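Colleague: Chain residues, written in single-letter form:
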Amino acid sequence: MRRNLIIGGALSALMVLAALVSFVWTPFEHTAMDIPNKLQSPNFTHWLGTDHFGRDIFSMIMVGARTSIAVAVVAVGIGVGLGVPLGLWAAARQGGWVDEVIMRGNDLIFAFPSLVIAILITAIFGAGAVNAIIAIGIFNIPVFARVTRGGALPLWAREFILAARVAGKGAARISVEHILPNLANLLIVQATIQFSLGILAEAALSYVGLGAQPPTPSWGRMLADAQTLVSIAPHMALVPGFAIILTVLGLNLLGDGLRDALDPRLRVART
Amino acid sequence: MLRYTLKRLLSLLVSLAIASLVIFVVIEVAPGDPASFMLGINAQEDTLAALRAELGLDQPKWQRYVSWVGGMVQGDFGMSYQYRTPVAEMIGDRLWVSLPLALYALTLSTLIAFPAGIYAAARRGKPGDMGVMGATQLGVAIPNFWFAMMLVLIFAINLRWFSAGGFAGWDKGFFAALKSLTLPAIALALPQAAILARVMRSALLDVLGEDFMRTARAKGLTRGQALRRHGLRNAMIPVLTILGLQFSFLLAGGIIIEQVFYLPGLGRLIFQSISARDLIVVESVTMLLVFAVILVNFAVDLAYAAVDPRLRART
Numbered sequence: 000m001r002r003n004l005i006i007g008g009a010l011s012a013l014m015v016l017a018a019l020v021s022f023v024w025t026p027f028e029h030t031a032m033d034i035p036n037k038l039q040s041p042n043f044t045h046w047l048g049t050d051h052f053g054r055d056i057f058s059m060i061m062v063g064a065r066t067s068i069a070v071a072v073v074a075v076g077i078g079v080g081l082g083v084p085l086g087l088w089a090a091a092r093q094g095g096w097v098d099e100v101i102m103r104g105n106d107l108i109f110a111f112p113s114l115v116i117a118i119l120i121t122a123i124f125g126a127g128a129v130n131a132i133i134a135i136g137i138f139n140i141p142v143f144a145r146v147t148r149g150g151a152l153p154l155w156a157r158e159f160i161l162a163a164r165v166a167g168k169g170a171a172r173i174s175v176e177h178i179l180p181n182l183a184n185l186l187i188v189q190a191t192i193q194f195s196l197g198i199l200a201e202a203a204l205s206y207v208g209l210g211a212q213p214p215t216p217s218w219g220r221m222l223a224d225a226q227t228l229v230s231i232a233p234h235m236a237l238v239p240g241f242a243i244i245l246t247v248l249g250l251n252l253l254g255d256g257l258r259d260a261l262d263p264r265l266r267v268a269r270t
Numbered sequence: 000m001l002r003y004t005l006k007r008l009l010s011l012l013v014s015l016a017i018a019s020l021v022i023f024v025v026i027e028v029a030p031g032d033p034a035s036f037m038l039g040i041n042a043q044e045d046t047l048a049a050l051r052a053e054l055g056l057d058q059p060k061w062q063r064y065v066s067w068v069g070g071m072v073q074g075d076f077g078m079s080y081q082y083r084t085p086v087a088e089m090i091g092d093r094l095w096v097s098l099p100l101a102l103y104a105l106t107l108s109t110l111i112a113f114p115a116g117i118y119a120a121a122r123r124g125k126p127g128d129m130g131v132m133g134a135t136q137l138g139v140a141i142p143n144f145w146f147a148m149m150l151v152l153i154f155a156i157n158l159r160w161f162s163a164g165g166f167a168g169w170d171k172g173f174f175a176a177l178k179s180l181t182l183p184a185i186a187l188a189l190p191q192a193a194i195l196a197r198v199m200r201s202a203l204l205d206v207l208g209e210d211f212m213r214t215a216r217a218k219g220l221t222r223g224q225a226l227r228r229h230g231l232r233n234a235m236i237p238v239l240t241i242l243g244l245q246f247s248f249l250l251a252g253g254i255i256i257e258q259v260f261y262l263p264g265l266g267r268l269i270f271q272s273i274s275a276r277d278l279i280v281v282e283s284v285t286m287l288l289v290f291a292v293i294l295v296n297f298a299v300d301l302a303y304a305a306v307d308p309r310l311r312a313r314t
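As you go down the protein sequences, you meet chains A and B in turn.
Heads up: the first sequence begins at 0 in numbering that gives the first Met the number 0, then just goes up one per residue.
Heads up: the second sequence begins at 0 in numbering that gives the first Met the number 0, then just goes up one per residue.
Rather than coming from a laboratory, the hints here were simulated on the basis of the structure.
Note that the coordinates shown come from a computational prediction; the quantities given were computed from them, not determined experimentally.
Any given hint might turn out to be false.
[Said to hold, decoys possible] As a list, the in silico EDC-like pairs of lysine to aspartate or glutamate whose alpha-carbon atoms are at most 20 Å apart:
#, chain 1, residue 1, chain 2, residue 2
1, B, LYS6, B, ASP205
2, B, LYS125, A, GLU158
3, B, LYS171, B, ASP75
4, B, LYS178, B, ASP300
5, B, LYS6, A, ASP98
6, A, LYS37, A, ASP224
7, B, LYS6, B, GLU27
8, B, LYS6, A, GLU99
9, B, LYS6, A, ASP106
[Stated by the list, open to error] Computed Cβ-Cβ distance ranges for the label pairs, DEER-style:
#, chain 1, residue 1, chain 2, residue 2, range
10, A, ALA260, B, ARG213, 49 to 55 Å
11, B, ASP170, A, ALA260, 36 to 42 Å
12, A, ARG157, B, ARG2, 50 to 56 Å
13, A, GLY125, B, ALA52, 55 to 61 Å
14, A, ARG92, B, THR221, 48 to 54 Å
15, A, VAL23, B, GLU44, 54 to 60 Å
16, A, PRO213, B, ARG228, 57 to 63 Å
17, B, ALA302, A, ARG92, 44 to 50 Å
18, A, LEU19, B, ASP75, 41 to 47 Å
Ideal Cβ positions, reconstructed from N, Cα and C, are used throughout, including at glycine.
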């Protein structure tokens with residue numbers, strides 16, 4: 000199953016590359032309007048065509064990748080930064096009240112319809128990339144807390160942890176020095192999955208006008224702009240759509256590939 | 000079973016109480032005064048005060064929270080600031096769009112996912128399996144609102160089989176209404192079907208490796224018989240959970256799809272109310288959606304325990 004890893008890695012790398020290159024070069028200025036050349040289909044000058052203001056879609060997609068990556072990375076960061084410590088803490092105090100409170104709190108966040116709450120947060124505190132990040136990030140916390148706790152619990156029963164305790168290390172030190180390194184694979188795979196979900200969520204929020212605000216290009220808002228023009232300029236909807244699909248597909252394949260590559264047991268079990 | 004039910008019921012009530020508090024607090028700290036929003040920037044101070052008193056905005060926060068929750072328990076969701084009609088009525092009207100849409104999408108998703116998942120599990124590792132799995136990878140990567148736009152482009156604009164948006168209304172006849180919900184339901188259902196098919200496949204594969212399946216075959220059942228009588232039933236547990244989760248997702252996820260198709264459902268109601276600072280409507284609709292999600296999860300937990308007695312013993 001190396002194929003998943005290669006295709007997924009290539010697609011993900013392509014998106015990161017597009018975002019990085021956009022800092023130094025784009026075919027056109029992504030905000031430059033050129034009304035006489037509006038709504039052009041893909042051609043030699045404008046590789047992916049132009050939008051209703053004559054802006055170059057290829058350039059907007061490149062810069063839009065920055066927005067998507069930035070939002071998703073920070074949202075995953077919030078999930079890892081808060082969720083992993085909570086999960087480690089809950090596992091170290093398994094069955095105690097700390098564990099109970101953390102896991103019940105997680106259940107509660109899980110029970111909330113995430114999209115509704117994200118819309119609520121961005122609508123009330125103002126639309127924009129920062130609030131979109133917070134809205135998406137909050138729902139990553141219970142995911143990482145649960146994965147961390149689930150992975151940490153069986154480790155606590157192992158001999159090397161017992162040895163560390165005998166050596167006089169406290170629960171916090173054991174969690175950081177012995178439990179966490181053993182969870183790295185699990186967390187990397189989960190981060191990849193949450194990253195792709197973050198990209199989808201950011202696109203949805205921008206689509207309804209609650210994500211990054213103009214003139215910052217975002218794939219979701221490009222789709223919103225395309226909606227009324229879809230019959231005369233279908234490329235305006237097709238291009239950002241494919242950008243989202245390929246990125247999410249790439250990240251999901253990368254996640255699957257990493258899981259197979261990092262966990263030798265699965266490789267045997269699956270075949 | 001009774002003990003288990005009571006325990007789950009208690010945690011359901013606690014969840015609802017905390018959820019209502021969170022929603023109330025989030026909306027209360029929101030900037031913007033509904034009264035000044037309704038009357039515009041030139042409103043006199045005494046008019047504003049009068050309106051605030053009329054809407055009950057001058058009461059202490061805790062008192063408003065208690066009356067909001069107390070009212071909801073009795074089915075009274077308060078009065079819309081903007082339209083001066085009972086919120087319960089507005090929700091009732093919109094529910095007749097959102098609920099059928101979610102059910103329609105759930106039906107479609109099940110109809111697609113079950114055969115696909117069973118087929119893939121039965122042909123594990125063969126090209127048929129690879130094809131289905133490839134399709135589901137694509138299905139989870141497609142944003143449903145983009146898929147909705149593509150459906151409009153193909154089936155409404157080019158082929159003219161459906162209208163591009165709007166809702167015919169149930170008074171125009173069942174099929175006319177259903178027809179206007181068809182494209183939105185497909186757009187909602189497809190990504191969900193992809194997830195469900197994957198769950199169905201892996202659940203079946205887990206079950207197929209069990210000893211009791213071998214025993215069933217040894218007893219003389221054919222592959223198909225063993226799958227139908229013992230395999231599917233045991234595979235249903237994880238599938239049911241996901242189905243429950245998906246229903247709540249479809250109800251809430253309709254928000255974006257309703258925007259694409261201009262459907263007068265709960266989603267559009269939330270957006271319109273947010274932009275008009277009609278907080279009481281936003282509060283109540285959000286609470287209703289959260290309530291639906293928590294209730295569905297509760298029902299799934301109970302269904303679980305009814306299907307699998309082992310789960311009852313564990314708690």
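Colleague: All the hints need checking, so say for each whether the structure fits it.
Modeller: Verification of the hints:
Simply put, LYS6/B and ASP205/B have alpha-carbon atoms about 30 Å apart, too far for the 20 Å limit, and the pair is violated. With a CA separation close to 42 Å, the supplied pair LYS125/B and GLU158/A exceeds the 20 Å bound. Only pairs whose Cα atoms come within 20 Å are accepted, and LYS171/B paired with ASP75/B is rejected, the gap being roughly 30 Å. Restraint check: the Cα-Cα separation between LYS178/B and ASP300/B comes to about 34 Å, which exceeds 20 Å; the hinted pair is violated.
Straight-line distance between C-alpha atoms of LYS6/B and ASP98/A comes to about 18 Å, which keeps the hinted pair within the 20 Å bound. With a CA separation close to 13 Å, the supplied pair LYS37/A and ASP224/A stays within the 20 Å bound. Restraint check for LYS6/B and GLU27/B: not satisfied, since their Cα atoms lie roughly 32 Å apart, outside the 20 Å limit. For the hint pairing LYS6/B with GLU99/A, the CA-to-CA distance comes to about 15 Å; that is within 20 Å, so the pair holds.
Distance restraint check for LYS6/B and ASP106/A: the Cα-Cα separation of roughly 15 Å lies within the 20 Å cut-off, and the hinted pair is therefore satisfied. The supplied range of 49 to 55 Å is broken by ALA260/A and ARG213/B, whose beta-carbon atoms lie about 32 Å from each other. About 58 Å separates the C-beta atoms of ASP170/B and ALA260/A, a value inconsistent with the hinted range of 36 to 42 Å. Distance hint for ARG157/A and ARG2/B: a CB-CB separation of about 34 Å, inconsistent with the stated range 50 to 56 Å.
The beta-carbon spacing between GLY125/A and ALA52/B, approximately 29 Å, falls outside the hinted interval of 55 to 61 Å. Checked against the hint of 48 to 54 Å, the pair ARG92/A and THR221/B passes, with Cβ atoms roughly 51 Å apart. A hinted range of 54 to 60 Å holds for the C-beta pair VAL23/A and GLU44/B, which are about 56 Å apart. Against the hinted window of 57 to 63 Å, the Cβ-Cβ separation of PRO213/A and ARG228/B comes to about 59 Å, which satisfies the hint.
Range check, ALA302/B to ARG92/A: Cβ separation about 32 Å, and the 44 to 50 Å hint is violated. For LEU19/A and ASP75/B, the Cβ-Cβ distance of about 56 Å falls outside the hinted range of 41 to 47 Å, so the restraint is violated.
Of the numbered hints listed earlier, those contradicted by the structure are 1, 2, 3, 4, 7, 10, 11, 12, 13, 17, 18.
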